[in-house]
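S.K.: Protein chains in written order, with this note's numbering: chain A, 1 to 337; chain B, 1 to 337; chain C, 1 to 337; chain D, 1 to 337.
Just so you know, these hints were derived from the structure itself, not from any lab.
No residue lacks a Cβ here, since even glycine has one placed at the ideal position from N, Cα and C.
Be aware that a few hints might be false.
Unchecked claim - Distance condition first, Cα-Cα at most 25 Å in a straight line; then the derived SDA-like pairs of lysine to any residue:
1. A:Lys304 x B:Gln259
2. A:Lys152 x A:Lys194
3. B:Lys304 x A:Val65
4. C:Lys244 x A:Leu260
Claimed, not checked - Ranges of calculated distance between the beta carbons of each label pair, as one might list FRET restraints:
5. A:Asp200 x D:Asp57: 56 to 66 Å
6. C:Glu169 x B:Ala323: 33 to 43 Å
7. A:Asn10 x B:Lys316: 18 to 28 Å
8. A:Ser277 x C:Lys326: 21 to 31 Å
9. B:Glu12 x D:His170: 36 to 46 Å
10. A:Ser277 x B:Glu22: 50 to 60 Å
11. C:Gln24 x D:Asp84: 52 to 62 Å
12. B:Lys316 x D:Asp80: 18 to 28 Å
13. C:Gly337 x D:Asp57: 30 to 40 Å
14. A:Gly25 x C:Phe331: 49 to 59 Å
Chain by chain, the residues run as shown.
There are 4 protein chains.
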Amino acid sequence: MIVILKQNSNKEQVENLINLLEQQGVTATGINGTHKNILGLVGDTSSIDIENIMAQDVVETVQRVQEPYKKCNRKFHPDDTIIDVCGKKVGGKQFQVIAGPCSVENEDQIIETAEAVKAAGATMLRGGAFKPRTSPYAFQGLHAEGIELLLKAKAATGLPIVTEIMSLEHLDLFADVDIIQVGARNMQNFELLKHLGKCDKPILLKRGLANTIEEWLMSAEYIMAGGNNNVMLCERGIRTFETKTRNTLDISAVPLLKQLSHLPVVVDPSHATGLTSLVEPLSLASVVCGADALIIEVHNCPSKALSDGAQSLTPKQFSDVMAKLKPQVEFIGKTIG
Amino acid sequence: MIVILKQNSNKEQVENLINLLEQQGVTATGINGTHKNILGLVGDTSSIDIENIMAQDVVETVQRVQEPYKKCNRKFHPDDTIIDVCGKKVGGKQFQVIAGPCSVENEDQIIETAEAVKAAGATMLRGGAFKPRTSPYAFQGLHAEGIELLLKAKAATGLPIVTEIMSLEHLDLFADVDIIQVGARNMQNFELLKHLGKCDKPILLKRGLANTIEEWLMSAEYIMAGGNNNVMLCERGIRTFETKTRNTLDISAVPLLKQLSHLPVVVDPSHATGLTSLVEPLSLASVVCGADALIIEVHNCPSKALSDGAQSLTPKQFSDVMAKLKPQVEFIGKTIG
Amino acid sequence: MIVILKQNSNKEQVENLINLLEQQGVTATGINGTHKNILGLVGDTSSIDIENIMAQDVVETVQRVQEPYKKCNRKFHPDDTIIDVCGKKVGGKQFQVIAGPCSVENEDQIIETAEAVKAAGATMLRGGAFKPRTSPYAFQGLHAEGIELLLKAKAATGLPIVTEIMSLEHLDLFADVDIIQVGARNMQNFELLKHLGKCDKPILLKRGLANTIEEWLMSAEYIMAGGNNNVMLCERGIRTFETKTRNTLDISAVPLLKQLSHLPVVVDPSHATGLTSLVEPLSLASVVCGADALIIEVHNCPSKALSDGAQSLTPKQFSDVMAKLKPQVEFIGKTIG
Amino acid sequence: MIVILKQNSNKEQVENLINLLEQQGVTATGINGTHKNILGLVGDTSSIDIENIMAQDVVETVQRVQEPYKKCNRKFHPDDTIIDVCGKKVGGKQFQVIAGPCSVENEDQIIETAEAVKAAGATMLRGGAFKPRTSPYAFQGLHAEGIELLLKAKAATGLPIVTEIMSLEHLDLFADVDIIQVGARNMQNFELLKHLGKCDKPILLKRGLANTIEEWLMSAEYIMAGGNNNVMLCERGIRTFETKTRNTLDISAVPLLKQLSHLPVVVDPSHATGLTSLVEPLSLASVVCGADALIIEVHNCPSKALSDGAQSLTPKQFSDVMAKLKPQVEFIGKTIG
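With the rest of the complex left out, here is chain A:
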């Protein structure tokens, strides 16, 4: 950590600052520049409150040189984390394809869709029981009944299930869910993250609409700090000025996360742009960039979907994507499933 001092700082002020820093367990070494003086801090700077240092009169600014995340940092955990979900591996040489509807709507819909995606090669089932909708007047999901229907679809197909939690008070309902999803709008719902850190289920942590990669890793850190290391990071597009796509897929985040962290990386090519015609190319791009899994919206009849119909693939379209995806996954030396 580097502390840049104000130009007019006097000796006494600097000494007071050095004392304050050393009380926090680090050593401060000064360098006198022509226009600026700086202090370099040596020691475990993760214990330093950067805002407190910035609030000192004599300080112009503070620059961090070390990452603020530890448990999810590849530097301290060089080996890939591989998460086991009902015997299927997320991470490593396995590649998972999670598919299913935006919302669970009724038994026929979820079971038909589950069977269709399984037939096409999907390895897990997604479906929303609690739906975050911009409008209070839109369909909000079937709640407890939705989770029951997902469990029926799991019983029928053997596919592990992934579904989103929106509030702590519903946590008990997720006892038999295989992967709990934290949606983009809850990426910094820190109370929720803390509680998920205390359970032992795999967590699929979606990136917030406008959150940096560092903030996202810090949210993973919240979960891991509680003791749950089974975190997957899911890139789903960020908000930019471009309007032709709903969001902008930050594909660079995939290889960058692989360098910065040991956690598995998932891509959601459906929410990333909202355009079904882009799901195939973006899925292929995710594979060659090192993603460990995809999560794709598929509905047995998109024109009757109660949410996100326009970005859902039909079973036929999904099957066409899988026909391209499978050989590409194998070409880079991985296996689906």
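Following the hints, complete the assembly by docking chains B, C and D onto the known chain A.
M.R.: Chains B, C and D in isolation, oriented as in the chain A frame:
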């Protein structure tokens, strides 16, 4: 609402679509263009599921011509909403200044700060008991004890108190709080909004980091749909590419919200940029743009603050801001308090 | 084009507007909604000045339903444009790899680099003679001498050359250049685009830092409107809030451009993030998304580069990228060269 | 400047780097951290090529602690620059209001508008002769004739004139123009900036759509490095995700520029949002934030404007804005004119 059809749509498809639309209670009138055909919908289109229409094969896209929010829409409620907080009015000719520390840290700190901001002319007290922090290793607030200390500061000064809720499970602790704040990271925590819609306390709803004005109004709509009309909208800066300021204050949002909605508008010039030197000019700008209140970070000793010290004003700095603010508020014909 | 009228518009105003529209050669059909009235325009709306219509008192807003670009629009030109550069094809089943340094610095540097990239499999040479630098105190390029050195490198290796133009006054110097690059900062330098429309050289048009895909296609339209159809669109990353990468590669733009336009698409994975470690995955992603070419920064000795050294690959690193790229290009049925 | 070294750097590599740095005229002092080693550079670091240092093998990253701009930096020039335009001062206690149409269209239009804005209190006239239009099919301005008409309007009213240059080749036509405007799209047209640095006319430098404040100041530095110190910085809104406004006015930039630089600051509230109803509040906000001038679009008949009619005020609307603006300017102790 306007439905734009695909170029190659045939007569039967279009008729099926018209039937579907008319079942939803609207009338569809067609216009045949040279390259595109469109349908104009007449009737109460707020009941139409736009995504469902977009998912129909024959549809290229759908454009809304009416706002999706109703209860907070000025068109349907032309008069300003004025919210009474312990006898002080937010909205109308009164102007409120809410001031206080980022976090409540201990009794001396909150009471000293409360007395200082009151002496300088603040009309309400802010202070965080539950703190959303990017890092799990940072100070997270005093929780229940923090709220108790705020109530002591209220008893000592008579200032109404504003504090942030982070999770539904803490709602009981807010029984004596005067205004409940929903932070930027929770603007789309829809479960929380729904519950706040069922209480009768004033809600200060901060704009999300990267949320549009329309999404923000839809979040206000969530609260109002539950029956609670006491919502204030707080602009606190949005995320952009600029790095010299922590966020970019969207000052245009203030007069625009006044046109679109009847709800009071508050500005947070502290979080907007993170720079204390900009609090004064941005406060003045908010006043002349029609804001109804300001919420400003002040700490009795910023260099010892446990959070956000660098963006907190000292009591002396706050007093200087108030000395500029008061005559400007009066110049435009309003009164502080 | 759809014109949405203000709520309180009277019959006479609407008739006047319809007359104005019909004078511009289109037919206007009205639909009376419950809250809004709209006019649908039929005919060639590309001649309509949308801002003029919006400026009419009675008009609330205007929504376009048709793309404003024609010559680069795939709807009117379904077949891919394939551009011949010294016998090499950009577009179709050929895949080109353009490589070379940010700046041409001296004869040894450019010839050594050209030979190295050719040996590794590059098919064209890039190098800057005129350099757009943020700081007036930074190296600005060798100008005319730089182009001469590029021509020597072309003579030595046979590789066609690509270099950037920054000002019309230099156009004569580009007589023997094979592809003229328009940089991101000049994407909307409309005077430059107009003049390039009158020459017959292939143009590599980079996307502006914060320009939408539609604005980018309109800039291509400027060149094509002058008569030059040899335009390639180069995605090079857009500006977002993320700070770990210099820009955010908008990979979705690649397949989307392929749908919207018939022009070839190039990706610059070097400028896209500024991180050499991401060049390989982003190159592979571009291939599978349908790009026709890559443009990659390579320097014979990056640590001595006068510009962009930190994002340039060494010849060895480039050779490693090519070793991964070639089989991937062939796997999707294309050939490099 | 601080150089952060890679973790595994050995002594010899570090010594080589120190030699390289010292050859560039600075002294490098090392600090050995627990996880990272850093070098602090002392001396005139503006001569250091930051990219060259970053390209060294042993270097992880480089952080600047000093601003890269000098001539426009307030640290080195504490007094405000005040620019004289035909006897009117931009900067200091004077406040200028520049008004006029987007484009000069014909003699009647520009003279009528000039007389109307003068009558309402404007102190300078704006009008475009060369128009940057997104579409090649839109009205591009009257060019030389446009400038002649502006000069006629100046002769008729005495108002100094401001008009935009789009290309170096037109520079001769600007001989009698009082302020040359560089548009947002040309803010990084460095060749143009260099030439404008060699003339002695006042330059109104608009901020680019997505350029940081630092990049903007570096563009001012380009002009000043050529010898022309008469640069005004014009904030005109930046590109963000918000869609209700055309751009987002970065009002914080006004007081921040006043701290960072001694140059006068102008605000364009018309382009900032594209909404006429926001011109008045944003003008008032600019005044209280310390702006030195406003540039506002006014057209004698917006519904007949050939460009930007929808964002132009009528003379009556402009007169109403001036009626609010004048007392506010006087309230803060400045005078219009």
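S.K.: Hint by hint, note whether the structure agrees.
M.R.: Hint by hint, here is what the structure shows:
no. : hint                            : in the structure
1   : A:Lys304 x B:Gln259             : violated, 37 Å
2   : A:Lys152 x A:Lys194             : violated, 30 Å
3   : B:Lys304 x A:Val65              : holds, 24 Å
4   : C:Lys244 x A:Leu260             : holds, 11 Å
5   : A:Asp200 x D:Asp57: 56 to 66 Å  : violated, 43 Å
6   : C:Glu169 x B:Ala323: 33 to 43 Å : violated, 55 Å
7   : A:Asn10 x B:Lys316: 18 to 28 Å  : holds, 21 Å
8   : A:Ser277 x C:Lys326: 21 to 31 Å : holds, 28 Å
9   : B:Glu12 x D:His170: 36 to 46 Å  : violated, 58 Å
10  : A:Ser277 x B:Glu22: 50 to 60 Å  : violated, 30 Å
11  : C:Gln24 x D:Asp84: 52 to 62 Å   : violated, 46 Å
12  : B:Lys316 x D:Asp80: 18 to 28 Å  : holds, 26 Å
13  : C:Gly337 x D:Asp57: 30 to 40 Å  : holds, 32 Å
14  : A:Gly25 x C:Phe331: 49 to 59 Å  : holds, 54 Å
Violated hints, listed in ascending order, are 1, 2, 5, 6, 9, 10 and 11; each of the other numbered hints is respected by the structure.
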